[in-house]
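Student: One letter stands for each residue in the lines below.
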Amino acid sequence: MSLFKERQYLRVHVDREPDDSLWMKCKSCGELVFKRRVRENNNVCPSCGEYFFQTSQERLESILDPGSFEPLSERLATSDPLSFADSRSYQDRIAEAQAKTGLDDAILVGRGTIEGLPVVIGVMDFRFIGGSMGAVVGELISRAIEAAIADRRGFVLVSSSGGARIQEGLFSLLQMAKTVAVRRRLAEAGLPFISVMTYPTSGGVEASIASLGDIVIAEKGAMIGFAGRRVIEQTIAEELPAHFQTESFALERGQIDRVVRREDLRTELAAGLAFFVGAR
Amino acid sequence: MTDERTLDLLEAKIEELRQLNSMDGMDLSKEIARLEEKLAGLRQELFANLTDWQRVQMARHPKRPYALDYIASVFADFYELRGDRIVGDDRALLAGLARLEGRSVALLAQQKGRTTEENKERFFGMARPQGYRKAKRIMELAERFGFPLISLIDTSGAYPGVESEELNIGRAIADNLETMAGLRVPTIAVVIGEGGSGGALAIGLADRVLMLENAIYSVITPDGAAAILWKDKERARDAATALQMTATHLLDLGLIDGIVPEPLGGAHKNPVVTSAALKEAIVRHVAELTALPLDQLLAARYERYRSVGQSAARLAPKSE
Numbered sequence: 001m002s003l004f005k006e007r008q009y010l011r012v013h014v015d016r017e018p019d020d021s022l023w024m025k026c027k028s029c030g031e032l033v034f035k036r037r038v039r040e041n042n043n044v045c046p047s048c049g050e051y052f053f054q055t056s057q058e059r060l061e062s063i064l065d066p067g068s069f070e071p072l073s074e075r076l077a078t079s080d081p082l083s084f085a086d087s088r089s090y091q092d093r094i095a096e097a098q099a100k101t102g103l104d105d106a107i108l109v110g111r112g113t114i115e116g117l118p119v120v121i122g123v124m125d126f127r128f129i130g131g132s133m134g135a136v137v138g139e140l141i142s143r144a145i146e147a148a149i150a151d152r153r154g155f156v157l158v159s160s161s162g163g164a165r166i167q168e169g170l171f172s173l174l175q176m177a178k179t180v181a182v183r184r185r186l187a188e189a190g191l192p193f194i195s196v197m198t199y200p201t202s203g204g205v206e207a208s209i210a211s212l213g214d215i216v217i218a219e220k221g222a223m224i225g226f227a228g229r230r231v232i233e234q235t236i237a238e239e240l241p242a243h244f245q246t247e248s249f250a251l252e253r254g255q256i257d258r259v260v261r262r263e264d265l266r267t268e269l270a271a272g273l274a275f276f277v278g279a280r
Numbered sequence: 001m002t003d004e005r006t007l008d009l010l011e012a013k014i015e016e017l018r019q020l021n022s023m024d025g026m027d028l029s030k031e032i033a034r035l036e037e038k039l040a041g042l043r044q045e046l047f048a049n050l051t052d053w054q055r056v057q058m059a060r061h062p063k064r065p066y067a068l069d070y071i072a073s074v075f076a077d078f079y080e081l082r083g084d085r086i087v088g089d090d091r092a093l094l095a096g097l098a099r100l101e102g103r104s105v106a107l108l109a110q111q112k113g114r115t116t117e118e119n120k121e122r123f124f125g126m127a128r129p130q131g132y133r134k135a136k137r138i139m140e141l142a143e144r145f146g147f148p149l150i151s152l153i154d155t156s157g158a159y160p161g162v163e164s165e166e167l168n169i170g171r172a173i174a175d176n177l178e179t180m181a182g183l184r185v186p187t188i189a190v191v192i193g194e195g196g197s198g199g200a201l202a203i204g205l206a207d208r209v210l211m212l213e214n215a216i217y218s219v220i221t222p223d224g225a226a227a228i229l230w231k232d233k234e235r236a237r238d239a240a241t242a243l244q245m246t247a248t249h250l251l252d253l254g255l256i257d258g259i260v261p262e263p264l265g266g267a268h269k270n271p272v273v274t275s276a277a278l279k280e281a282i283v284r285h286v287a288e289l290t291a292l293p294l295d296q297l298l299a300a301r302y303e304r305y306r307s308v309g310q311s312a313a314r315l316a317p318k319s320e
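Chains as they are written, first to last, in my numbering: chain A, 1 to 280; chain B, 1 to 320.
Don't take every hint at face value.
Claimed, not checked - List time: in silico DSS-like cross-link candidates among lysine-lysine, alpha-carbon distance up to 30 Å:
#, chain 1, residue 1, chain 2, residue 2
1, B, Lys231, A, Lys27
2, B, Lys231, A, Lys100
3, A, Lys25, A, Lys35
4, B, Lys120, B, Lys233
5, B, Lys279, B, Lys269
6, A, Lys100, B, Lys233
7, B, Lys63, B, Lys233
8, B, Lys279, B, Lys63
9, B, Lys269, B, Lys63
Just so you know, these hints were derived from the structure itself, not from any lab.
Bear in mind the structure is a predicted one, so any value in this text is a computation, not a measurement.
Throw the hints in and build the complete structure from the sequences for me.
Tutor: Rendered as structure tokens:
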């Protein structure tokens, strides 16, 4: 069963940012398209409907009511707790990711409204070290949930993450425990959590907070899974089915509630949230 | 440079001399004493200052005691409970009841295999959703009857396979985290060998987290980190160092509560001594935790996990 027409969705390589010219070439249909039109079209190719990568800022714009976003007051950045270096230092990678994205770390959190409904929202950004969750992302998700509890708002998390951030070692792993512990308090307060899984939602993020939504929605073209495709292929030494870990795979196996097109995400979230208004 | 093999050879030589000594009535005791002293010196030299990579090798040592060895020596009357009630039973993650100094406790334990045959059955100690869901069932059982929950962690990670994904292993791990975060009984987790990623944490979100001296605990295996960050599996040694995954590093970072000492040369050199130290630690922590009022226990657990990593996040510098 497939809800949508079968189509090869674009797997975006983060290191290939669109250049500064006015035009870009769609990797799916090969059409040269006007960049501004793509952006206005939620980063969906106006020619063939292919999904391009959406930044966290663009995503907030496309989900929230115009002008309603208020970031949580304090801005946090990693202190590099392990003084980590591989072939490059972690501090270098952070500085580069910050320069590239204009973000402090891999998530934006704040208050806003969706079709008038007040929420606290977190949007992860895959461009920032694969959207990985280290101490800053874990802390900001926790603070966002606490803000939702304080204001009695619903919580929406849009995931786009490869998992826990390697460079912060066990600190990163334990953010799984932290975000889940705080999420329990949201549930105890009787407030809804809608988890939106996009490309990709995997590893330690998928195995913690992202899987625990009262409602779990996947964006068309999402990748959803715990272990990476390559790791699994190496372990079992066989080829994986083509739609393995796609949103239709997850839907068929009962792992998610709904699949939505990007352009419908905003109305979908509003419709879901509306059921919980005044629920308790 | 001495290695463990040299020590083993020397040890065998001493044993040989000892047998000759008793058989032929020759007096080799001087020679034996000399060699024994030498052996002790070499052992001290080799093991007193293990590198992080050497600790990884110790944690993965094929002779290292596994969970069932400790279950037999630390606890009494292990009574295994099997199956997740939906799909099957996972032999990589064992569960059950046992007695600890007469007190009923619930046990979760990751078990590696010794032989190829056994490893096939146990998936090399890598648990699948069946195992994590069985673990959740036992967590809830422990809560209903007020049994302290004790987890023995020894896995390189959750099993990466098609079936695991089909059965939603991510959700199974997440559910366990949520359950352990609010479990209304004292919980203790001990990493006895490898503590690998979410597959370890899924039974490890506890009030007290301990590690054996030569155990490791990490967000990713050093081999995995080397492949991803160094693009070279051979750099696992460097990854092991960079990740600070040994017990002493993690104690210094404030991420674990205590280290259970191992005899010189590692747990396998003297499993009896290691078991005794492990038992002493578990008994002590169970006693401390059961003495706390429940609301205090739960508040402390919440605070512990809510605050973890806060020192690793600082205020971002104001942009221009």
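Student: Against each hint, give a clear statement of whether it holds in the structure.
Tutor: Comparing the hints with the structure gives:
no. : hint                : in the structure
1   : B:Lys231 - A:Lys27  : 27 Å, holds
2   : B:Lys231 - A:Lys100 : 23 Å, holds
3   : A:Lys25 - A:Lys35   : 9 Å, holds
4   : B:Lys120 - B:Lys233 : 24 Å, holds
5   : B:Lys279 - B:Lys269 : 17 Å, holds
6   : A:Lys100 - B:Lys233 : 29 Å, holds
7   : B:Lys63 - B:Lys233  : 24 Å, holds
8   : B:Lys279 - B:Lys63  : 20 Å, holds
9   : B:Lys269 - B:Lys63  : 9 Å, holds
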